[in-house]
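Engineer: In order, the protein sequences belong to chains G and X.
The first sequence begins at 89 in our numbering and counts up one residue at a time.
The second sequence begins at 26 in our numbering and counts up one residue at a time.
Since the hints were made in silico from the structure, they are not lab data.
Computed from a predicted structure; not experimentally measured.
A hint or two may mislead.
Claimed, not checked - One-sided excerpt, in silico: chain G residues whose CB lies under 7 angstroms from chain X: (1) 317; (2) 321; (3) 372.
Just so you know, even glycine gets a beta-carbon here, dropped at the ideal spot from N, CA and C.
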Amino acid sequence: MPKVRFSRRQLLRAATAVVGAIAAGKPGRPARAQARAVAAEPITPALIEAAKKEGKVAFYTAMDLPVAEKFAKAFEARFPGITVRVERSGAERVFQRIGQEMESRIHAVDVVNSADGAHFIVWKRNDWLAPYLPEEVARHYPPQYYDPDGLWVTTRVWLSSLGYNTNLVKPEEAPKSFADLLDAKWMGKMVKAHPAYSGTIMTATFQIVREFGWQYLEKLAQQKVMQVQSSTDPPKKLALGERAVMADGNDYNVIQLKEAGQPVEVVYPAEGTPLVTGPSAVFASAPNPNAARLFQNWLHSLEAQQLLVDFARQHSVHPLAKEKPGVRRLDEIKLWRDDPAGVEQMSEQIKARYAQIFKV
Amino acid sequence: MSIALPALGAPRTPKIDISWPILILSAALLCVLILLPMSWLIYYSLVDRTGAFTLDNFKTLVTDPIFVDPLTTTVILATSSSIICCAFAGPMGWLVARTDMPLRRTVRALVTASFVTPPFLGAIAWELLAAPNSGLLNKIYRAVTGAGADEHLFNIYSLAGLIFVISAYTFPYVFVLIANALDRIPGDLEDASAILGGGTWTTARRITIPLALPALLAGAIIAFLQAMTLFGSPAILAIPAGFHTMTTKIWSLFNYPPKPELAAAASVPLLVLTVALLRAENLILGRRGYSVVGGKQGDPRLVRLGALKWAALAFVFLVLMCPVFLPYGALLNATFSRVATSFVTFDNFTLHNIHFVFFELSATQLAVKNTFLLGVASATIGTIMAVVIAYLTTRRAIRGYRALGFLATAPVAIPGIVLGVGLFLSYARPPLVLYGTLWILLLAFVTIALPAAYQQLQSAFRSVHTDLEDASRILGSSRLRTLRDITAPLLRTSVIATWCFIFVGVIRELSAAIMLFTSETKVISVLIFDLNESGDLGAISVLGLIMLAITFAVVIAVNRIPGFGDARLRNA
Numbered sequence: 089m090p091k092v093r094f095s096r097r098q099l100l101r102a103a104t105a106v107v108g109a110i111a112a113g114k115p116g117r118p119a120r121a122q123a124r125a126v127a128a129e130p131i132t133p134a135l136i137e138a139a140k141k142e143g144k145v146a147f148y149t150a151m152d153l154p155v156a157e158k159f160a161k162a163f164e165a166r167f168p169g170i171t172v173r174v175e176r177s178g179a180e181r182v183f184q185r186i187g188q189e190m191e192s193r194i195h196a197v198d199v200v201n202s203a204d205g206a207h208f209i210v211w212k213r214n215d216w217l218a219p220y221l222p223e224e225v226a227r228h229y230p231p232q233y234y235d236p237d238g239l240w241v242t243t244r245v246w247l248s249s250l251g252y253n254t255n256l257v258k259p260e261e262a263p264k265s266f267a268d269l270l271d272a273k274w275m276g277k278m279v280k281a282h283p284a285y286s287g288t289i290m291t292a293t294f295q296i297v298r299e300f301g302w303q304y305l306e307k308l309a310q311q312k313v314m315q316v317q318s319s320t321d322p323p324k325k326l327a328l329g330e331r332a333v334m335a336d337g338n339d340y341n342v343i344q345l346k347e348a349g350q351p352v353e354v355v356y357p358a359e360g361t362p363l364v365t366g367p368s369a370v371f372a373s374a375p376n377p378n379a380a381r382l383f384q385n386w387l388h389s390l391e392a393q394q395l396l397v398d399f400a401r402q403h404s405v406h407p408l409a410k411e412k413p414g415v416r417r418l419d420e421i422k423l424w425r426d427d428p429a430g431v432e433q434m435s436e437q438i439k440a441r442y443a444q445i446f447k448v
Numbered sequence: 026m027s028i029a030l031p032a033l034g035a036p037r038t039p040k041i042d043i044s045w046p047i048l049i050l051s052a053a054l055l056c057v058l059i060l061l062p063m064s065w066l067i068y069y070s071l072v073d074r075t076g077a078f079t080l081d082n083f084k085t086l087v088t089d090p091i092f093v094d095p096l097t098t099t100v101i102l103a104t105s106s107s108i109i110c111c112a113f114a115g116p117m118g119w120l121v122a123r124t125d126m127p128l129r130r131t132v133r134a135l136v137t138a139s140f141v142t143p144p145f146l147g148a149i150a151w152e153l154l155a156a157p158n159s160g161l162l163n164k165i166y167r168a169v170t171g172a173g174a175d176e177h178l179f180n181i182y183s184l185a186g187l188i189f190v191i192s193a194y195t196f197p198y199v200f201v202l203i204a205n206a207l208d209r210i211p212g213d214l215e216d217a218s219a220i221l222g223g224g225t226w227t228t229a230r231r232i233t234i235p236l237a238l239p240a241l242l243a244g245a246i247i248a249f250l251q252a253m254t255l256f257g258s259p260a261i262l263a264i265p266a267g268f269h270t271m272t273t274k275i276w277s278l279f280n281y282p283p284k285p286e287l288a289a290a291a292s293v294p295l296l297v298l299t300v301a302l303l304r305a306e307n308l309i310l311g312r313r314g315y316s317v318v319g320g321k322q323g324d325p326r327l328v329r330l331g332a333l334k335w336a337a338l339a340f341v342f343l344v345l346m347c348p349v350f351l352p353y354g355a356l357l358n359a360t361f362s363r364v365a366t367s368f369v370t371f372d373n374f375t376l377h378n379i380h381f382v383f384f385e386l387s388a389t390q391l392a393v394k395n396t397f398l399l400g401v402a403s404a405t406i407g408t409i410m411a412v413v414i415a416y417l418t419t420r421r422a423i424r425g426y427r428a429l430g431f432l433a434t435a436p437v438a439i440p441g442i443v444l445g446v447g448l449f450l451s452y453a454r455p456p457l458v459l460y461g462t463l464w465i466l467l468l469a470f471v472t473i474a475l476p477a478a479y480q481q482l483q484s485a486f487r488s489v490h491t492d493l494e495d496a497s498r499i500l501g502s503s504r505l506r507t508l509r510d511i512t513a514p515l516l517r518t519s520v521i522a523t524w525c526f527i528f529v530g531v532i533r534e535l536s537a538a539i540m541l542f543t544s545e546t547k548v549i550s551v552l553i554f555d556l557n558e559s560g561d562l563g564a565i566s567v568l569g570l571i572m573l574a575i576t577f578a579v580v581i582a583v584n585r586i587p588g589f590g591d592a593r594l595r596n597a
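Take these sequences, add in the hints, and give me the full structure.
Structural biologist: Here it is as structure tokens:
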């Protein structure tokens, strides 16, 4: 494990960090669970026993691979005898793969965690998800972060930000806004991920188009942007020094890399930053239904959610998860609203239009 | 194959020749492998989403720039790669086969190494080397010349970069063809030339090189087809640069929402071009009597290079830097470096990548197992099929042998990704759902390997005179027994070479696998491709080196099986 280093500023900020509250404008914790269609399920010895009998769980996810494997290993350590197989790809790929597998009646996925909330609308409509509400979710999570029928729970929150390589760009010269990226000085110096691969980028592209219209992306495309696929990749390309600036990508990867000593810095653009929420669900056709439920339950426990904050450098909607110093709190950042229903309406158009504009 | 055979001593025992069942079985198998997938493909290219007949897919193909541009790019790419491959592999093949250049066997082994290296792995390694800003070579360039941070010597994310990388991993095909052809040219012809007063160079110019020209032409065509149908390298290098080739375009049409109609139509130009080129090759080579193979030959006459031999060796090693030394070095460096494109130093040395791949990455074990299993199974089944078909066609053992030969060669015209699409369309639905199992990958790999395996064994069969087989048949052996007792031992070397060829091909394969895998049937190549898309270069380096180690180990082991002959890899 690389040593985590804090700058003086970060430590200062940490001292003032408010424990708990993460999302700006988040309503207070519900005092009691409201009336729900499904019962909240605790982790019972019987569930653990049944899960161990199955012995394995297939976890399809769009989160950064080392992060996903970290969750897998933590779960395996907590419940010995159950192995987690991580199936990681971009959220849009995961969506396509699950669709393909379901169509061919291949039931391989147990639990899915996506980066595109729109997928859960489709899966719910298709009746592919199993209702399962972990007790800890029912007790603690704000109600907007889980489905009233218990079909999905928001596992993680993060942002698609800008960023730069500190060896190649001085802080005062770094872009501060989306508008800055259109400056001719960044021609050929930017890297950007793809909305037909990444759910994060799909969500971010939707929000960018909503705020600025397609003209913005048309201008950006003139800048000779290096086109990668995953939203996890632009931060890594920054760290390599392959490109100086990232036009989109996971802020959490930039933070992780920075804390590992890499010369990268995250920028939350002045106009607003696309907010991304990543829900998880148990599939109704899960080949390992008990292990799936156990995993889903554990994934939203305080233990896993603290790991999400501490290791994965993302934000938890679990009110008891403690923020780790070193990152800006969400209520300090000007956020754009996420809108899975809007993305669901527009995703085909976004993919087609984007391919036209960026040629790939 | 365990089939009850009558004893040799009882020639008059009435028996059923089982060649007909074999023909029918082979034909049925080939239908499953080729006809059905291609029929679905053609069906899809001619319908719209509702299933009604239309030519709109083809209209889009020739009018919409999003298809016309990739098509143009692909033609430029394939032509350039083909020319470059011939320009380098031709002289190299000649140096190795026909001159007294030192280290000739080492050079052959190194060319084998570059053949064994999957092109997509090479492409990723070349990202590490020649990405404009972070590439190791560009870093060295800047350090040596003091050039500014913005300047670079190489940019791998460009059409030129892509052509270079594809050529680096395609030239072994051309090299092997030329070197083998030159190996086979009998010394007698050269002796004759020498006796008639031709000097060394005259002999080379008038005898040796003309005899090798057909191999060069065949090599040019194979290089063209390889470059045209490759998927991994363009997906890795072209997309970041902002352009598509036909293969990456076809693949992108399967992103959600999938457009199989357009994908099917887009694969037709690749099919047509391939068929046309193979036809042309046949027309040019078909009638020429270059059958110098077989019979007793004098040893080839080696051209003495004198002092030039060191220059020649330097040239050869310079060429081999590109597919072997530099990429392997870059992968090794990335394996132990904290940052994939920083040189390993005391400070950033890490075993994290190795730990991650072996102890954290949950896909490793399954992918290695699947790959190994598929490699061995495909190689074994493919070799058996190729032996049977090559025998039946070269010996014209049964009626319909032409059709059989055609079917075995046909997949050569089907790019891997197109076959993947066809197989997916055929076997992802009832009645036969193979999607999601290793079987569908096995089908794909065997189909892809079959044409080359068949041709390799066909030429091997041709070099074995039929007199021996006829003698055995006259004495009452069935065809199979003759094949086993007479022909097979004579072909041992070719059979082993074919097995290795298929095995290596399966390990390298990405374009069909990318269409056909599911989470439980992932192979290493797909896993590496996945990791590249998420930018996990350290893990790729470790997996890539594991993959190379497995391949080399298997190829060497198979060549050392006691009593199974020691085939020379150069035939692969």
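Engineer: Holds or violated: is the Cβ of residue 317 (chain G) closer than 7 angstroms to a Cβ in chain X?
Structural biologist: Holds, about 4 angstroms.
Engineer: Go through the hint on residue 321 (chain G) and say holds or violated, using the shortest Cβ distance to chain X against 7 angstroms.
Structural biologist: holds, 4 angstroms
Engineer: Going by Cβ atoms only, is residue 372 (chain G) closer than 7 angstroms to chain X?
Structural biologist: violated, 18 angstroms
Consistency note: the structure conflicts with earlier hint 3 alone.
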